[in-house]
Amino acid sequence: MGSSESVLQARGRRAYEWGRLRWGSKRAILVAAVAGSALLTCTNLAATSGCVLLLALLVTALLWRGQEFAEGVRPGLVAGLVPFVLPVVSQATGYFCSATVCLFLPTVCVAGGVVGGAALGLQGRRPFGDHLGFWVAAVSVTAVVGSVGCLMAGLAGIAGLAVGLLLGAAPVLVARTA
Amino acid sequence: MTALAAGDRQAFHPVFVSLWPLLKAFTSRHLPPADAEDAAQQALVNVMSRATEYDPERDALPWALGIAAYEIRTARRKSQRRREERALAEDLEGRAAAGASPEDLALARDLEAALEEALRDLPESDRETLLLHARGERPDVAGATFRKRVERALSRLRGAWRQKHGL
Chain A
1 MGSSESVLQA RGRRAYEWGR LRWGSKRAIL VAAVAGSALL TCTNLAATSG
51 CVLLLALLVT ALLWRGQEFA EGVRPGLVAG LVPFVLPVVS QATGYFCSAT
101 VCLFLPTVCV AGGVVGGAAL GLQGRRPFGD HLGFWVAAVS VTAVVGSVGC
151 LMAGLAGIAG LAVGLLLGAA PVLVARTA
Chain B
179 MTALAAGDRQ AFHPVFVSLW PLLKAFTSRH LPPADAEDAA QQALVNVMSR
229 ATEYDPERDA LPWALGIAAY EIRTARRKSQ RRREERALAE DLEGRAAAGA
279 SPEDLALARD LEAALEEALR DLPESDRETL LLHARGERPD VAGATFRKRV
329 ERALSRLRGA WRQKHGL
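Note that the protein sequences, when read in sequence, are chains A and B. Residue numbers are given in the working numbering: position 52 of the first sequence equals residue 52, and the series is strictly consecutive. Start counting at 1 in the second sequence, then tack on 178, and there's your number in the working numbering.
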């Protein structure tokens with residue numbers, strides 16, 4: 001390949017990578033906008049904003065990376081929806097909550113995590129379901145999406161989410177491999 | 179192309195190697211050599227930039243050639259604009275050079291440059307109208323219609339001139 005074609009190839013590669021980044025970030029902005037609805041009911045604005053930003057960056061990076069990593073984003077978002085929505089709705093409706101704290105929230109996060117974990121386990125039938133990158137992406141997206149909601153319950157909520165995810169995913173994954 | 183769209187970087191080189199000659203051949207058939215290479219390069223860069231948006235349901239080659247066709251149209255429009263500007267410049271130069279002093283020539287050149295700058299801000303249709311009017315030609319439209327077009331184009335040129343030179 002001549003030097004001018006090498007230069008053109010380099011230009012092409014740069015255009016490709018920038019194109020992937022633009023494509024990924026457009027989708028990440030949509031995800032962040034939806035997740036940002038938690039800011040309306042959250043008790044810790046800074047931490048929740050940080051979590052939403054982390055989610056946007058994570059989704060951008062995974063979509064940019066592509067292949068099994070990009071494939072894991074949608075299952076992660078779907079699985080993270082329940083642990084995200086439950087605490088937000090609990091806080092918004094004030095059910096079992098006082099003005100500043102929701103003692104019910106950590107339990108809600110565990111329950112949401114169980115549902116999310118089970119949903120994650122079932123997603124494994126997708127293409128790339130046997131790839132480690134798929135699971136890394138799906139689990140991390142689920143955890144961050146769920147955290148946006150469960151941050152309202154503080155560390156107890158996050159820990160509840162993690163426990164719930166494990167409790168939900170483990171039986172499904174064991175049943176699949178058996 | 180499908181693999182490249184999914185993020186498989188290993189697919190980049192094979193796609194480049196197969197697509198580049200095809201894009202060059204396509205643009206060469208529709209543009210002069212000087213413009214064909216530039217258009218082909220820009221088309222390739224645009225194809226790679228949009229590779230992630232490629233729909234695997236579609237054929238890759240027609241999709242890529244569609245992007246190349248857009249670059250061919252762009253190159254033709256630029257070439258047409260260059261020809262129009264050159265014709266206008268030659269016209270002004272000719273008129274200014276007839277029995278003019280060096281100062282007059284310098285003034286005429288400055289005026290020409292300022293006029294070119296103002297013309298660049300106008301839409302293509304306005305430039306075409308003014309060029310035809312300057313040549314004393316008229317397109318195949320009614321006289322009143324063409325006069326109206328000239329009037330509007332001159333009004334927009336005056337606006338652009340005032341904006342740039344404050345006169």
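Worth flagging that the hints you see were computed from the coordinates, not collected in a lab. Remember, it's a predicted structure, so these values are computed and weren't measured experimentally. Backbone N, C-alpha and C define an ideal beta-carbon position, used for all residues, glycine too. Don't take each hint at face value.
[Claimed, not checked] Ranges of calculated distance between the beta carbons of each label pair, as one might list FRET restraints:
(1) SER333/B <-> LEU53/A: 18 to 28 Å
(2) ALA267/B <-> LEU57/A: 46 to 56 Å
(3) LEU57/A <-> GLU315/B: 51 to 61 Å
(4) ARG298/B <-> LEU57/A: 51 to 61 Å
(5) ALA92/A <-> GLN341/B: 23 to 33 Å
[Claimed, not checked] Some chain A residues near chain B, calculated using beta-carbon distances under 7 Å:
(6) SER3
(7) VAL7
(8) GLY12
(9) TYR16
(10) ARG20
(11) TRP23
(12) LYS26
(13) ALA46
(14) ALA47
(15) ALA61
(16) GLY66
(17) GLN67
Hint check results:
no.: 1; hint: SER333/B <-> LEU53/A: 18 to 28 Å; in the structure: violated, 50 Å
no.: 2; hint: ALA267/B <-> LEU57/A: 46 to 56 Å; in the structure: holds, 52 Å
no.: 3; hint: LEU57/A <-> GLU315/B: 51 to 61 Å; in the structure: holds, 60 Å
no.: 4; hint: ARG298/B <-> LEU57/A: 51 to 61 Å; in the structure: violated, 41 Å
no.: 5; hint: ALA92/A <-> GLN341/B: 23 to 33 Å; in the structure: violated, 53 Å
no.: 6; hint: SER3; in the structure: violated, 14 Å
no.: 7; hint: VAL7; in the structure: violated, 10 Å
no.: 8; hint: GLY12; in the structure: holds, 4 Å
no.: 9; hint: TYR16; in the structure: holds, 4 Å
no.: 10; hint: ARG20; in the structure: holds, 5 Å
no.: 11; hint: TRP23; in the structure: holds, 4 Å
no.: 12; hint: LYS26; in the structure: violated, 10 Å
no.: 13; hint: ALA46; in the structure: violated, 34 Å
no.: 14; hint: ALA47; in the structure: violated, 32 Å
no.: 15; hint: ALA61; in the structure: violated, 12 Å
no.: 16; hint: GLY66; in the structure: holds, 1 Å
no.: 17; hint: GLN67; in the structure: holds, 5 Å
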